[in-house]
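Novice: Those protein sequence lines, which keep their order, are chains C and X. Heads up: the first sequence runs through residues 992 to 1430, numbered per the working numbering. Heads up: the second sequence runs through residues 41 to 352, numbered per the working numbering.
Calculated from the structure, these hints are not laboratory results. It is possible that some hints are incorrect.
[As the list claims (entries may be wrong)] If you want the footprint, here are the derived chain X segments under chain C, 3+ residues with CB under 8 Å:
#1 100-106
#2 187-193
#3 204-212
#4 316-330
[Said to hold, decoys possible] Some but not every residue of chain C turned toward chain X, in silico, with C-beta under 8 Å:
#5 Lys1084
#6 Ser1260
#7 Ser1397
Don't be surprised by glycine CBs; every beta carbon is placed ideally from N, CA and C.
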Amino acid sequence: MGNERWTRRQFVGRAGKTAGGVVLGLSLADFLAACGTSSPGTAGTGKLEIFSWWTGPGEKDGLAEMFKIYKNKYPNVTITNSAVAGGAGSTAKAVLATRMQGGRPPDSFQVHAGQELIASWVKANKMEAITSIWNSEGWDSKIPKDLKDIVSSNGDVWSVPVNVHRGNALWYNKKVLDSKGVSPPDTPEQLTSALSSLKAKGIANPLALASKGGNWQVQMLLENNILAAGGADFYKNVMSGKASFTDAKVVQALTWMKQWLPYANTDNSSIDWDEADNRLIAGTAVFHIMGDWAKGDFTSKNWVPNTDFGVVPSPGTKGKYMIVCDTFGLPKGAPDRDNAIGWLKVCGSQEGQAAFNPKKGSIPARTDVSPSGFDVIAQSFIAEFKTDTLVPSSAHGSATPPAFASAVNDEMGQFIQNKDVTKTASNLQKASDEFLKTA
Amino acid sequence: MATATAQPVMVERLPRSRSLRLPPWEKLTPLLLIAPSVILIAVFVYGFIGATMRTSLVRWNSALPDYTFVGLHNYQRLFQLDRFQADLVNTLHFTAIFLAGCIVLGLGAAVLLDQRLRGTLFFQNVYMYPLALSFVVTGTVWRWILNPNSGVNVILGNLHLDFLKSGWLTDTNTALNSLGIAAVWQMSGFCMAMFLAGLRGIPEELREAARVDGANEWQLFWRITFPLLRPITLSAVIILGHISLKIFDLVYVMTFGGPGYATDMPSLYMWIATFQQFLYARGAAIAIVLLLMVAILIVPYLVWNLRGETEQ
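Model the full assembly from the supplied sequences, consistent with the hints where possible.
Specialist: Put into structure tokens, the structure is as follows:
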């Protein structure tokens, strides 16, 4: 009886909070969070709220697999899945920003490895370092040092990598390419000549290009080309403000893009990457430079790897792996801190990564997960991940702070219209001066 | 002097006669009744405007709040940005298309429907329905219609009108106008309703009198009807104008500001600057610029309205 009364009083308290939330115009996620407040305490009871933008097919299933593993370990914890759909994570990030600023963080949230977390929430002193968890779980021997460096700053580790996507990949329609007698290109120059010969053979726009939703797809082209023109060290320097965007190597990268643009579809601003994939499937385009989430899209549309489509590293980046990596961190003031730590351990575990990644279409961040459960392309990526030089993606938040990535997005939107290499390079340097020097 | 002496008499007389009859707590009732809304508006409207103003004057340009005062620096920087300059031009351009489209179509439809022919009620409803939709729905539907590879281009192709085909939302030269088409489609029905109400409010005697004086129907419209619709037109301009200055949802759904900056708007950039770039001070500065732009439109209207009321 006493328990029941207490619950009712708690209900009134919550109702008051909820009403306040509605007046303040906060989102549904806040409302859920308000409902989910519970006593912090012992691991294994209570609640766990996980925030992400994994709502699409594949990724949603991968997340569910990890929840299943967590449930097996902590059967008495109720998991709240606070996934926010829309805008490739941009909507979720806006909701997260509101909650973090309002002092009501989820227990753990998805964030791209590196600057997206470090330049914002770590710098704002809103995160708890997870160095001790990292050490006690022995992840040093399982996760490559290059990757650990990306999620670290000032000697502390800030989040656990769950998966690794590859940003520098060139996908092609294998049957069309074979029938036209063109071989998959290794260098940017080879891609240019492949595009021109495909056009001569009747394919008007052999390069599929998407730029809907903020031009991040074009930014991937740029960063892959900078990596190709300047190598890994130059890439890291230019992305940390130590080298200039007016350097001849960046100009070279932009020039390659300029040479490819005439072969790309002009309606790129109205299509997103998955619609660009459809052009490959339809055979109206042959090449698409995109992250390896394209593979999941192809296979879900019943396209068979190495039969219908193939992949090579984006031109000139063989031996390098552009890291696009999702991680989970521990916000200060997480309502269920102990449960959140349990979650981070699942995220970094062999079992968790083996269950999550085949569904998500990525490869594990750990190098000790058996490749047998993966498709052929993922298997070759797993092998290359172990030997390649790893570099963080700027388009996906790891190499640079959000403000810079967003400014580059704008500049790429201009570039595909005006195709002015010199002006774009100097504008990129202006963005670097404004957002990278202070970081 | 006359007013100065007249006023105190009125002010004094009313409370005195009331205070004699009412118990003291009764005097509090009106205050108590109005207090909740006054407090809520003070905090959640004017308080937040004040907070936004303050944010726009400080150095808070990361996830970490930083209240170092920097004066108008954020505004200076904002007006130097290519993107924001494009935004301002786009807003004016879009507002011009939107207002012209809504008023011409709205007035035209209202004049036709005012002829009291059979079926006008049906068409009146048909024209009004788009207003019931959210801009998000309108935007999604029009994005499909204007997709260069499907939708209207296919119809034009089938009709052998290929010269009318266009990149619509994907071409920098046509994107803003295409956006305007969708906005006009949604709001011209609302404009029609306003004009229709205005037209029905014009006494038939005035037109009769003009006809007796020998005016033809064309003169009748321009010399009698249209001038009498001026207050309605002004209201329509104000209402549509502030919608157009603050337009966000339609742009977000249809083009996300692209291609390039062709359809970018201050409100969209405000959202991106605040929630994607974490440039809180810049986002706040854009908000204040938007507020001023809308104020330039609204304040003279409110003053004009208020003067009209006091004159009555």
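Novice: Could you check the structure against the hints above and give me the numbers of any it violates, in ascending order?
Specialist: none
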